[in-house]
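4 protein chains.
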Amino acid sequence: MTMGSGKETLTGMISFESDYIAGAHPALMKRLIETNSEPLSGYGTDRYSGDARQKIRDAVGMPDAVVEFIAGGTQTNAVVISSLLRDWEGVIAAETGHIAVHEAGAIEYSGHKVLTLPQKEGKIDPETLKRFLSAFFEDGNREHTVYPGMVYISFPTEYGTLYPKKELTALSEICRAYGLILYLDGARLGFGLASPEADMTLADIMRLCDVFSIGGTKIGALCGEAVVFKKDRAPRHFMNSMKKRGALLAKGRLTGVQFDALFTDGLYFEISRQVIGRAMKLKELFRKRNVPLLIDSPTNQQFVILEDAVLARLKERVSFCFWEKYDESHTVVRFAVGWSTTDEDLRALEDALDAITD
Amino acid sequence: MTMGSGKETLTGMISFESDYIAGAHPALMKRLIETNSEPLSGYGTDRYSGDARQKIRDAVGMPDAVVEFIAGGTQTNAVVISSLLRDWEGVIAAETGHIAVHEAGAIEYSGHKVLTLPQKEGKIDPETLKRFLSAFFEDGNREHTVYPGMVYISFPTEYGTLYPKKELTALSEICRAYGLILYLDGARLGFGLASPEADMTLADIMRLCDVFSIGGTKIGALCGEAVVFKKDRAPRHFMNSMKKRGALLAKGRLTGVQFDALFTDGLYFEISRQVIGRAMKLKELFRKRNVPLLIDSPTNQQFVILEDAVLARLKERVSFCFWEKYDESHTVVRFAVGWSTTDEDLRALEDALDAITD
Amino acid sequence: MTMGSGKETLTGMISFESDYIAGAHPALMKRLIETNSEPLSGYGTDRYSGDARQKIRDAVGMPDAVVEFIAGGTQTNAVVISSLLRDWEGVIAAETGHIAVHEAGAIEYSGHKVLTLPQKEGKIDPETLKRFLSAFFEDGNREHTVYPGMVYISFPTEYGTLYPKKELTALSEICRAYGLILYLDGARLGFGLASPEADMTLADIMRLCDVFSIGGTKIGALCGEAVVFKKDRAPRHFMNSMKKRGALLAKGRLTGVQFDALFTDGLYFEISRQVIGRAMKLKELFRKRNVPLLIDSPTNQQFVILEDAVLARLKERVSFCFWEKYDESHTVVRFAVGWSTTDEDLRALEDALDAITD
Amino acid sequence: MTMGSGKETLTGMISFESDYIAGAHPALMKRLIETNSEPLSGYGTDRYSGDARQKIRDAVGMPDAVVEFIAGGTQTNAVVISSLLRDWEGVIAAETGHIAVHEAGAIEYSGHKVLTLPQKEGKIDPETLKRFLSAFFEDGNREHTVYPGMVYISFPTEYGTLYPKKELTALSEICRAYGLILYLDGARLGFGLASPEADMTLADIMRLCDVFSIGGTKIGALCGEAVVFKKDRAPRHFMNSMKKRGALLAKGRLTGVQFDALFTDGLYFEISRQVIGRAMKLKELFRKRNVPLLIDSPTNQQFVILEDAVLARLKERVSFCFWEKYDESHTVVRFAVGWSTTDEDLRALEDALDAITD
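Chains as they are written, first to last, in our numbering: chain A, 468 to 825; chain B, 468 to 825; chain C, 468 to 825; chain D, 468 to 825.
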């Protein structure tokens, strides 16, 4: 499996390569332009960051939640996890979790172990977690092992799948019973919430998790993730911990203005719904042509099993992302829909497929 | 001494509080808008990052220099220093150096010590460095101490001062003689090069240092610093080291497009010259009124000694930055000129000063 | 699975609880006493440490090998691995490897990831390693993942098993082909070499590995492990790296004198042979009684599957170590033979077993 | 200034080179021999470690103090400091403090900064500390700097000097007022308490500090330092933090038995008194001959200013430690008295001096 973008610059062809191939959503760009010449204080103390925090607190339905902004996703995971874990603790993740595989060791760089559990379609099964924790804490002799201090999940997962409310509730209850922090990586949170399969609101996420992120980069921002802590879970002197890890932007307005825009008049959800709408069309488009899917993904990433001959011809007209070999003559590829994907892009993909399969 | 921006949002008043109070220079914003909807690959592999690298290599006059982009200044220092130091080494800095004081321990977070030397107006004296290194390496018994592996300087320094070519040459020769890396933090590099006192070009910096940064954030960018390595000093697998430290932006276009613009048609130097021109006017404006300066700074930060009564009245009309107490009745404050500072701002400051001293 | 010793002090009963329940082998204690009042220089620069290094170089048959002494096993692994890995690298281990499970995150504390592979009886299969590396290095897009820089194996493994020469040769060749360091944790190295199943000498280990440890703690020392590097793999300024990690003993004589004794007249091998001899008797003793073994371990740790009722009665007379539940009514327990185990101890165990099974 | 022992093995000559040139005090060696063959549980859970903890709790007069044993001094400092500091904090030390200069960056390796204060004869002046803390905490804008979380002092200091009770009380009060931990490095604690100038008991140290170490290595042990925490300052899961840092000895009996012996019948204090008695004789011996002292050290390290010609001749007969150049023709050297120093050694030194100065 590889990351969403290759070494070369994408050419002008229709691209489903990742959900961060375009710049900022026009509404965000507009606000960046409008506020550009205002003198604002630095390091996230500006009015737009303040407004964005308040709008996010309103959206999550928890007036005393603590909200901060960080430029990138790996940085967000590393800063949050390492600021919250205690010396003797590690973080539990699915063996396919982003922090376990695709962050170049950023969690270990902070001195903490990622404790991996088996996964199913990218998810941790509550029963698996429970068995692991109960085995760990019932064994009285743990001086030589890393304590689990946090559970990391992503929503949607690496495979685009979702935890239903029932499962997230179960994970939340297990974490509380054992005193662990539940952290949800929401790099694509909007796409998860806007999915036809989702049975949760942002307020449910807030209530069930101790801390979670709201990804901006993949949902219309140039950069930026919001981190939302329950008040009693917010690290003390978090700005210092951010600064110490190089995560405090001088012009905090950059993330502040964008999140202010995203959380004004429900734009974050509107973008997400449009993307999911097109992603479902994209899935349908493969289904109609009997092209098999690796997973029935309910979100914006679709994992398609292509015959290698078809793949070779298709990639002359459309760009997408190699995921993994499926068998001798088939390959799994990922099509990602982003805010900049248009209905025209979908039609062009349709034409390309039809041209090949004719 | 405090950082350039306080907790509160700046109000509409004329602000000399820092050189990062405004967003992006209009020329950069224009390019961000123009390129916004192009599909581009991620992580700095896009065409604009490529072009920006080439333009910087041209500007520094070293065709095989290695150029990368990082979002912020502290992150740049931490990533560069910790990627280049070897296990047993630390980095030498002036005791007032940014990495020694104002980065919340970001270098130590990477497991390396900052070895501080006495400073003069923010600078390390070559003789002081030589004595330190000669004492260190001539003593044969160094198993218990941190080896100096790098010298960190900034240009301009924290006090706005500059190393003349003669001093930088001396530092460079000492570093080579002892096998140390010379790293120049150029968060305000343009302001240094554009100063009337500067006797160096970008190519001189490149030639005399092993690695240096070209600050974007303070010279017109929303965020971003370029790091320039001599080829044989560039760390292997630097993208992995960046990723591991959370410093690899998904939408690398954000820094790529901006640096491409900054290094097109000499914009970086043009912005810098305008800023320095206004900074010299600002200095003159205090001098004419016999307001004493802490240091005769040749760059965009001016350190002014104000009577506390004057300070109290002035800050009702103009915002600036508290630096340190000077004596019982005087305070050092910093006025910073940025790309968004106008001649009108200077006139307004003049008026405010005259109104007070009348 | 738990570590070899519980919270409580062992009482006077016959103990097979671990191989570090006794102090120093009498020959080592004798030398500690004889040299005790000699004035010696510190930090491993004393004559006994020097002699021990030379004797080990002779024993491994590599005159320019670099030898250092470190107090404990976890410390040895952490110091060696973190001194040799480069910034972007992690260390491969079996998922049951000591560094992966039982060192409380000591490798991650150094900022590096442990990359785990599936295991069989505690070992990494060369084919599994080859597939992993070939998949990793043939994929051209690895900016987001940790590079494998080293393979960690133990000999004997956590399950007492051994790599035959053929397998170690295969691992060694794979490591060379891919440029990885092969590190063998020899906390119980002597027991491995003295096993009837072993088909290797110390010189083979030296030749096939880049670095390995020779455990003292479990083979007669109060504390201490020797680390042996091939010359071109020895880290520069290793004493500084040791000191930085708190691993440089002031009275280096403590490890020096003991290793000097262990490598005088083949004592290390003599102790090991005696222990293995008794361990084989112990295994036989269970076999004769048709008590099943989890693994046919060829070294000093024997993993026995006991009926829970038998276990309950046996532990009234003999102490051993809980390993893991086997099924509803059976438990795996570990019997460890050490240098202080006597034939009398074995007879007493035999009596205890007979008393129960009667 | 260099560490106490050079690269070469000390020859048979009379040595004042350091206070760790000899092995174990005979009383400790005796107990190691007597207990050697007892089967004992590992990792500090053995009965002797337990007894030693109780005897130390009695000696410090605090029944609920938490006591642990660690093999070496640098390791002790690193483990204690990094286990107690919070993410955003650093540790204050005198600029000559052992952790600031002679531990190869062990504190920074743990990710924390050593904040240095000016010193006088190795000590931090309470007024200096107060000014530093008051300046820090009264400035409201500290997102960019490392918070002071602990004060590190040593007793005796690097220069053999002592804090009188009044000064330690002042430091203690300042730490409490600002919420900082006061940690006293007692690598030579016994020598400090046994000094004619000392006006404190072990119970005073316990009462005034939050955590301190009781050095064994320099006061008769082969290795080992005891760490004593006030109960509410003891880190949770400290064994895991020790293990994670490679500081948990498998055969904890090694430190347990030795500390048990040191704290039986006041041996620790008896050894210390004998050493100090001889150190005062050594000082007197120089004074009588009008050889100047750098500092009037009240403990076991004496810093003597020798003419270089005298030094050259003296070192043919006696070994001692180079400290620093004093001027063109004089050098400061250190004479250290240890438990193995005899009255005969002193007489031999006297003879050597007389032979030279004749």
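In short, the hints are calculated from the structure, not lab data. Any given hint could be a false lead.
Among the chain B residues that face chain A by a calculated CB cut under 8 Å, a handful are [stated by the list, open to error]:
#	residue
1	488
2	491
3	494
4	570
5	583
6	585
7	586
8	595
9	598
10	690
11	721
12	790
With a cut-off of at most 25 Å between alpha-carbon atoms, the simulated DMTMM-like pairs for lysine to aspartate or glutamate come out as follows [claimed, not checked]:
#	chain 1	residue 1	chain 2	residue 2
13	A	497	B	501
14	C	782	A	505
15	C	597	A	791
16	A	597	C	794
17	C	792	A	791
18	B	750	B	817
19	C	597	C	634
20	B	597	D	592
21	C	792	A	505
22	A	782	C	562
23	B	632	B	605
24	D	792	B	606
25	D	698	D	664
26	D	748	C	634
27	A	697	D	794
28	A	597	C	818
29	D	782	C	605
30	B	792	D	594
31	C	587	A	562
32	C	782	C	818
33	B	782	A	505
34	B	597	D	605
35	D	597	B	605
36	B	597	D	795
37	B	587	D	671
38	A	792	C	605
39	B	748	A	562
40	D	792	B	605
A virtual CB, placed ideally from N, CA and C, is assigned to each residue, including glycine.
Results of checking the hints against the structure:
1. 488: holds, 4 Å
2. 491: holds, 6 Å
3. 494: violated, 12 Å
4. 570: Holds, about 7 Å.
5. 583: violated, 18 Å
6. 585: Since the shortest Cβ distance to chain A is 26 Å, the answer is violated.
7. 586: At about 22 Å, which exceeds the 8 Å cut-off, the nearest Cβ of chain A leaves the hint on residue 586 of chain B violated.
8. 595: Not OK, violated: residue 595 of chain B not within 8 Å of chain A, min 28 Å.
9. 598: This hint is violated: residue 598 of chain B lies away from chain A, its Cβ roughly 32 Å from the closest one there, beyond 8 Å.
10. 690: holds, 6 Å
11. 721: Interface hint status for residue 721 of chain B: holds (5 Å vs cutoff 8 Å).
12. 790: Violated: closest Cβ of chain A sits about 16 Å from residue 790 of chain B, beyond 8 Å.
13. A:497 with B:501: holds, 13 Å
14. C:782 with A:505: violated, 77 Å
15. C:597 with A:791: holds, 18 Å
16. A:597 with C:794: Holds, at about 19 Å.
17. C:792 with A:791: Roughly 38 Å between the alpha carbons, so the hint for residue 792 of chain C and residue 791 of chain A is violated.
18. B:750 with B:817: With a Cα-Cα distance of about 11 Å, the restraint between residue 750 of chain B and residue 817 of chain B holds, given a limit of 25 Å.
19. C:597 with C:634: Judged against 25 Å, a Cα distance of about 12 Å means the pair holds.
20. B:597 with D:592: violated, 31 Å
21. C:792 with A:505: With Cα atoms ~67 Å apart, residue 792 of chain C and residue 505 of chain A exceed 25 Å; violated.
22. A:782 with C:562: violated, 39 Å
23. B:632 with B:605: violated, 28 Å
24. D:792 with B:606: Holds, at roughly 12 Å.
25. D:698 with D:664: violated, 30 Å
26. D:748 with C:634: violated, 65 Å
27. A:697 with D:794: Roughly 63 Å between the alpha carbons, so the hint for residue 697 of chain A and residue 794 of chain D is violated.
28. A:597 with C:818: Given pair residue 597 of chain A, residue 818 of chain C is violated - Cα atoms ~42 Å apart, limit 25 Å.
29. D:782 with C:605: violated, 63 Å
30. B:792 with D:594: holds, 19 Å
31. C:587 with A:562: With a Cα-Cα distance of about 19 Å, the restraint between residue 587 of chain C and residue 562 of chain A holds, given a limit of 25 Å.
32. C:782 with C:818: Within the cut-off at roughly 13 Å; holds.
33. B:782 with A:505: holds, 19 Å
34. B:597 with D:605: violated, 38 Å
35. D:597 with B:605: violated, 38 Å
36. B:597 with D:795: Holds, at roughly 19 Å.
37. B:587 with D:671: violated, 43 Å
38. A:792 with C:605: Since the Cα atoms of residue 792 of chain A and residue 605 of chain C sit roughly 13 Å apart, the hinted pair holds (cutoff 25 Å).
39. B:748 with A:562: violated, 61 Å
40. D:792 with B:605: Holds, at about 13 Å.
When the structure is compared with the earlier hints, violations turn up for hints 3, 5, 6, 7, 8, 9, 12, 14, 17, 20, 21, 22, 23, 25, 26, 27, 28, 29, 34, 35, 37 and 39 and for no others.
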